[in-house]
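Chains as they are written, first to last, in the numbering used here: chain A, 1 to 380; chain B, 1 to 380; chain C, 1 to 380; chain D, 1 to 380.
A few of these clues could be false.
[Unchecked claim] Subject to a maximum C-alpha distance of 25 angstroms in a straight line, what follows is the list of computed SDA-like cross-link-like pairs (lysine to any residue):
| no. | chain 1 | residue 1 | chain 2 | residue 2 |
| --- | --- | --- | --- | --- |
| 1 | C | K378 | D | A368 |
| 2 | B | K173 | B | P74 |
| 3 | C | K171 | D | E297 |
| 4 | A | K173 | D | P318 |
| 5 | D | K171 | D | T84 |
It should be emphasised that the hints constitute simulated quantities derived from the structure, not laboratory data.
4 protein chains.
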Amino acid sequence: MVGYAFMGAAHSQAWRNAPRFFDLPMRPDMAAVAGRDAAAVQAAAVRLGWSSTETDWKALVSRDDIDLVDICTPGDTHAEIAITALEAGKHVLCEKPLANSVEEAEAMVRAAQAADGLAMVGFTYRRVPAIQLARTLVADGRIGTVRHVRAQYLQDWIADPQAPLSWRLDKQKAGSGALGDIGAHIVDLAQFVTGEAVTGVSAILETFVRERPVASEHSGLRGTAGAQTGPVTVDDAAIFLGRMSGGGLATFEATRFAWGRKNAIRLEINGSAGSLAFDFEDMNVLHFFDATQPAVEAGFRRIVVTEPEHPYIAAWWPAGHGLGYEHAFTHQAVDLVTAIAEHRQPVPSFADGLVVQRVLAAVEQSAADDSRWTPVQKES
Amino acid sequence: MVGYAFMGAAHSQAWRNAPRFFDLPMRPDMAAVAGRDAAAVQAAAVRLGWSSTETDWKALVSRDDIDLVDICTPGDTHAEIAITALEAGKHVLCEKPLANSVEEAEAMVRAAQAADGLAMVGFTYRRVPAIQLARTLVADGRIGTVRHVRAQYLQDWIADPQAPLSWRLDKQKAGSGALGDIGAHIVDLAQFVTGEAVTGVSAILETFVRERPVASEHSGLRGTAGAQTGPVTVDDAAIFLGRMSGGGLATFEATRFAWGRKNAIRLEINGSAGSLAFDFEDMNVLHFFDATQPAVEAGFRRIVVTEPEHPYIAAWWPAGHGLGYEHAFTHQAVDLVTAIAEHRQPVPSFADGLVVQRVLAAVEQSAADDSRWTPVQKES
Amino acid sequence: MVGYAFMGAAHSQAWRNAPRFFDLPMRPDMAAVAGRDAAAVQAAAVRLGWSSTETDWKALVSRDDIDLVDICTPGDTHAEIAITALEAGKHVLCEKPLANSVEEAEAMVRAAQAADGLAMVGFTYRRVPAIQLARTLVADGRIGTVRHVRAQYLQDWIADPQAPLSWRLDKQKAGSGALGDIGAHIVDLAQFVTGEAVTGVSAILETFVRERPVASEHSGLRGTAGAQTGPVTVDDAAIFLGRMSGGGLATFEATRFAWGRKNAIRLEINGSAGSLAFDFEDMNVLHFFDATQPAVEAGFRRIVVTEPEHPYIAAWWPAGHGLGYEHAFTHQAVDLVTAIAEHRQPVPSFADGLVVQRVLAAVEQSAADDSRWTPVQKES
Amino acid sequence: MVGYAFMGAAHSQAWRNAPRFFDLPMRPDMAAVAGRDAAAVQAAAVRLGWSSTETDWKALVSRDDIDLVDICTPGDTHAEIAITALEAGKHVLCEKPLANSVEEAEAMVRAAQAADGLAMVGFTYRRVPAIQLARTLVADGRIGTVRHVRAQYLQDWIADPQAPLSWRLDKQKAGSGALGDIGAHIVDLAQFVTGEAVTGVSAILETFVRERPVASEHSGLRGTAGAQTGPVTVDDAAIFLGRMSGGGLATFEATRFAWGRKNAIRLEINGSAGSLAFDFEDMNVLHFFDATQPAVEAGFRRIVVTEPEHPYIAAWWPAGHGLGYEHAFTHQAVDLVTAIAEHRQPVPSFADGLVVQRVLAAVEQSAADDSRWTPVQKES
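All chains should be built: construct the whole structure from the sequences, respecting the hints.
See below:
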């Protein structure tokens with residue numbers, strides 16, 4: 001694993017948990033974690049359960065005892081690490097967004113296509129059981145033709161103008177702000193659940209607070225504000241309209257300025273035969289409206305997605321004993337290990353990540369061009 | 001009153017109820033109702049409580065015993081009736097949208113400005129107590145500077161492609177579809193609650209079902225489908241981005257294709273100091289997040305807006321004995337009668353209605369121009 | 001109508017509304033209202049829409065132009081008025097609880113049985129559309145055999161110890177406190193929706209605040225506190241266990257001390273094949289769990305009970321345009337007028353009211369006897 | 001650890017997780033797990049992460065390298081194992097209910113008092129962050145004097161009469177049914193959050209389905225039904241009234257027959273100054289009504305208990321990234337290890353467990369005695 005901050009902790013938990021709850025065809029061995037600060041990476045290794053450390057990711061990537069490289073660093077480093085790892089014959093799991101530009105993402109896809117190893121991008125929310133169930137219901141035709149997608153990712157962690165700068169607010173490192181960090185998730189979820197692509201967008205990006213205190217330390221998403229200030233170089237919020245490949249309309253909204261909404265990933269889909277609604281604030285629940293039922297007893301069904309019949313659940317606890325945020329990472333580890341064992345392409349692939357990247361690029365282009373309708377570049 | 005269908009029934013209920021629950025400075029006398037079909041209008045008068053009938057609205061408007069003309073007809077007739085009534089010295093209450101075009105709306109505003117009578121447009125949802133409370137909280141600075149407006153009006157009454165044609169699906173009569181019928185409401189609500197204007201938009205309009213059965217009779221919103229079909233000439237759904245005059249971002253979505261959402265008017269506003277959320281499916285409730293509270297005990301407060309301290313409530317029932325859809329019409333009647341008695345301009349005025357009309361026009365223009373950013377025309 | 005306070009206002013609204021929205025076989029004529037204070041009853045008549053007044057209910061009851069007597073007075077007067085009215089050949093609608101004692105209630109039932117007129121007791125919440133739908137689903141076997149009834153009626157209007165005395169806190173007038181005022185409703189609802197009887201109870205009654213300020217005026221449920229204090233002679237809260245005649249268990253809780261719960265009538269029923277849940281705070285909604293559905297997609301369905309297919313709704317507004325508290329009174333008026341026109345016994349009958357009264361009596365007896373199991377007296 | 005079924009898996013996860021997320025004063029070493037079936041316990045050890053196995057718990061308890069014995073077996077074995085372990089100088093964590101009888105529980109308390117080791121009982125739900133916050137708010141006087149406790153634990157896992165027998169339905173092993181298994185939790189939660197004791201009860205126990213298929217295998221809570229049947233010797237549901245030591249009233253309901261409710265632990269508390277509400281179906285949320293706020297803006301606050309300021313949360317994920325069922329077990333491990341390191345008595349102690357046991361005993365006594373009021377035995 002490269003990187004060991006918030007995402008690194010989540011991934012480590014997944015690697016530790018997966019074999020405890022699931023019957024895996026291969027047992028993950030947490031061989032090494034890489035980070036630039038020797039003392040810090042050593043402490044992280046102990047805490048997170050890695051057997052050894054490297055201070056240079058290149059050393060890690062070239063080790064013979066490494067089969068899979070798990071990339072948990074900021075987006076500006078994804079392409080180089082992933083491509084090097086793939087060229088070294090490793091399997092790769094790369095956090096989202098796949099890269100900070102379409103060009104980098106394309107290079108990563110080419111590297112993945114040329115490589116012996118398998119490559120996967122970490123759109124983890126796909127593996128929340130309620131989202132998996134949503135996908136199944138759509139694929140089974142239970143909501144018919146998709147008419148509307150309504151996707152929001154609402155947070156409030158920098159709604160306070162005194163919240164300090166972090167790498168996530170620095171365009172060089174993060175590529176973009178709310179758009180790439182959280183907007184990428186709802187684009188991927190909209191596409192995954194509908195099984196369709198976003199074909200074009202009309203967008204606005206906005207930075208409400210353009211100057212912020214410099215964080216005196218890097219601990220945590222929030223950090224601690226110091227006396228100095230520096231510029232915010234990414235968007236605070238992204239809103240955009242879109243069209244789905246099946247003819248439906250979509251609205252997207254990603255913001256870090258929605259006071260009171262902590263991690264509200266909301267997805268609502270209306271089809272010709274029914275509707276689905278999900279909110280990560282109630283992550284073990286999926287709401288399903290079946291329009292084929294008689295009007296007198298039709299209603300959104302609040303499905304508590306914790307039955308053994310539901311995706312991934314049989315491995316965990318009895319019904320009603322809900323899962324939390326981190327469990328989707330465990331499911332991701334399980335699915336990746338299984339795909340590797342079966343020599344299958346895991347999903348979402350780097351190509352899937354590129355598709356999202358192209359939507360983000362179209363959003364940026366539209367936002368820079370008077371919100372004009374901007375088609376999403378197709379795979380060449 | 002001119003017209004006596006769904007809206008006419010709601011307005012009649014309001015005129016009957018207002019003096020029963022509120023101390024009015026003047027007592028409304030339900031003098032006459034007009035409609036083209038003599039027998040039908042006579043039956044409506046008996047049922048709805050009007051003392052006499054006219055088969056020509058011009059006759060009604062010219063009667064000396066009429067002080068106030070209440071217009072409940074389709075939008076294509078609003079301008080002519082309202083202007084004639086104002087020129088005849090009557091007060092006017094006109095259903096929304098104010099007109100089917102900006103030009104008509106401008107003419108109505110000019111007529112209102114020139115007239116002795118007072119003119120009001122029926123954006124009734126403003127008078128839901130929870131919405132009034134929302135406006136008060138924003139005006140009192142409780143959520144700070146508005147960052148985000150998230151407005152949706154979701155219905156499903158023609159999600160079924162076999163739902164028949166009605167005048168609401170005919171561009172000649174209705175002017176537009178979901179946009180003018182329900183989109184107008186959320187534009188007005190967004191502007192009313194924030195106290196700001198929508199300054200520009202980027203939009204998509206869509207008609208999912210372009211041919212529908214002809215209704216064999218005109219009873220009810222749903223009607224009954226016949227064998228013949230005819231074209232749908234209005235939009236089924238409208239989605240648009242906007243900017244508020246205070247710098248915030250807005251998303252709007254109006255659709256009649258959201259299965260399971262019956263009359264879901266949702267308004268969520270995030271400011272620099274807090275947030276508000278409302279859903280008409282739970283119309284007696286307002287959710288308020290106060291970001292000035294300590295994080296450990298902050299949360300969206302579910303305010304049940306049925307206390308005697310709340311707007312309009314003291315006239316009705318004890319706390320918790322909720323109001324329904326029709327009560328907002330009674331509040332509208334109360335406020336209009338009071339304004340007339342006090343020789344004050346009632347709100348929303350025709351000018352307020354024109355502002356909404358200009359937003360709708362900008363939406364249509366943007367939708368026809370590749371979703372390009374389209375400023376809303378300012379008052380000249 | 002006798003009495004014209006809170007209940008009188010609600011009943012008057014119903015008599016006015018019923019013929020406006022429903023096709024009634026007979027048209028109610030609001031002939032006269034009775035009250036002891038001549039000026040006050042005259043003002044009430046004007047406000048509420050009654051054609052004449054009486055200062056002695058006996059005069060009203062003996063008038064030839066009166067066919068139906070609607071009793072909206074405190075419980076201590078119900079028996080005398082109702083019996084006199086029935087003996088005078090009138091139809092009677094009597095507010096709940098039927099009486100302040102089983103003996104009175106029995107006398108009322110005997111009078112009703114002997115009379116030509118028809119008698120009905122005002123358990124109005126039965127006529128909330130969602131409750132009617134609940135009854136239909138149970139009667140149709142959709143939840144199977146009833147295992148559990150969970151009934152709560154939670155208010156907070158005297159949670160503040162400074163809330164003043166009112167007749168509702170006076171045993172002489174009210175008979176009991178939370179038990180008879182609101183507990184009676186949930187007993188009736190539990191029996192009505194299940195179609196079963198409560199066969200025995202184990203109970204606790206409690207008065208948390210035994211001395212309160214004397215109200216300086218009688219306006220409103222809350223009144224206004226004065227300097228003097230007086231004793232509270234009724235229960236503030238009643239909690240009891242029960243058994244249903246079909247073998248299920250029941251819990252009941254009625255309190256006026258649940259801060260934040262304004263009029264939360266909650267009914268949850270678990271059967272062998274499904275469950276139902278209702279909360280009056282969201283009165284247009286019924287939740288239904290159908291256990292015959294596959295586990296993977298089973299969930300409580302949130303049925304918005306505003307479709308034309310739902311009880312009473314076709315007469316009102318389009319789907320999603322919810323009803324309020326008062327509408328159930330209109331439904332009650334409609335059903336009573338219809339029963340009278342068809343010479344049928346309206347429900348709930350006085351006998352149904354007596355059944356509830358006997359449950360309340362058993363509750364009081366058990367509470368006075370160490371909560372010991374106390375069978376509900378059967379009809380003799 | 002003794003036992004390795006559902007509870008054993010949850011405890012193992014906790015022991016593994018605690019040092020990964022929390023800074024512990026001592027590092028747990030998962031030395032050995034005991035079970036009767038050598039092959040099965042060996043497989044469990046590998047899967048759950050234990051270094052060695054024993055087929056006799058007595059061997060485990062006497063090992064020198066064991067400092068803490070974690071008891072995850074059915075209730076009939078708790079007393080013997082715990083007492084033996086304490087006498088052997090070990091610390092003990094014992095799953096709830098503490099024992100199958102008051103006598104056993106008393107012996108365990110005596111053993112704990114006499115021992116050098118520390119003893120704790122596993123009422124894990126106390127350590128859900130929202131419950132901790134509830135306790136803090138009550139202790140800080142934020143809801144004033146407790147008037148009402150409304151506690152429910154609703155499940156549906158044997159609502160189907162074909163659900164097979166398991167040890168949980170066998171009085172010999174489980175002691176009681178819903179009462180001890182889930183009722184014990186809500187009694188403990190009610191006492192913990194209020195800081196008060198249940199002083200007496202009036203109760204009903206019921207077994208709806210008295211004969212069930214014999215499970216053909218023991219995997220999972222549900223098992224798989226075979227052809228034979230056997231008797232259910234415990235209660236399916238327990239409902240009881242109670243009084244709190246501060247004068248408030250309480251209602252309790254524990255059932256496995258509430259279709260659609262999977263693990264709905266609901267706790268609602270009304271005090272003289274406010275209210276609290278919790279439902280485990282939405283476990284990261286606490287609802288708080290503060291009656292000291294102005295009526296116009298008062299409402300239940302939906303506190304999403306995932307802020308770093310909230311109990312336990314800083315060790316986990318950013319705000320809004322909710323926890324799941326298993327996390328409370330990790331918190332339990334953290335608190336126990338910390339108490340041991342600091343030579344402090346951990347809570348809940350065996351004495352706390354005995355208090356719950358006495359409430360359960362009073363419930364059984366009252367249920368057997370016509371629901372008569374039965375005081376809970378005080379500590380002697």
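Against the structure, the hints:
1. C:K378 with D:A368: Status holds; Cα separation ~24 angstroms.
2. B:K173 with B:P74: holds (6 angstroms)
3. C:K171 with D:E297: violated (34 angstroms)
4. A:K173 with D:P318: holds (20 angstroms)
5. D:K171 with D:T84: With Cα atoms ~23 angstroms apart, D:K171 and D:T84 stay inside 25 angstroms; holds.
Hint compliance for this structure: hint 3 alone is broken.
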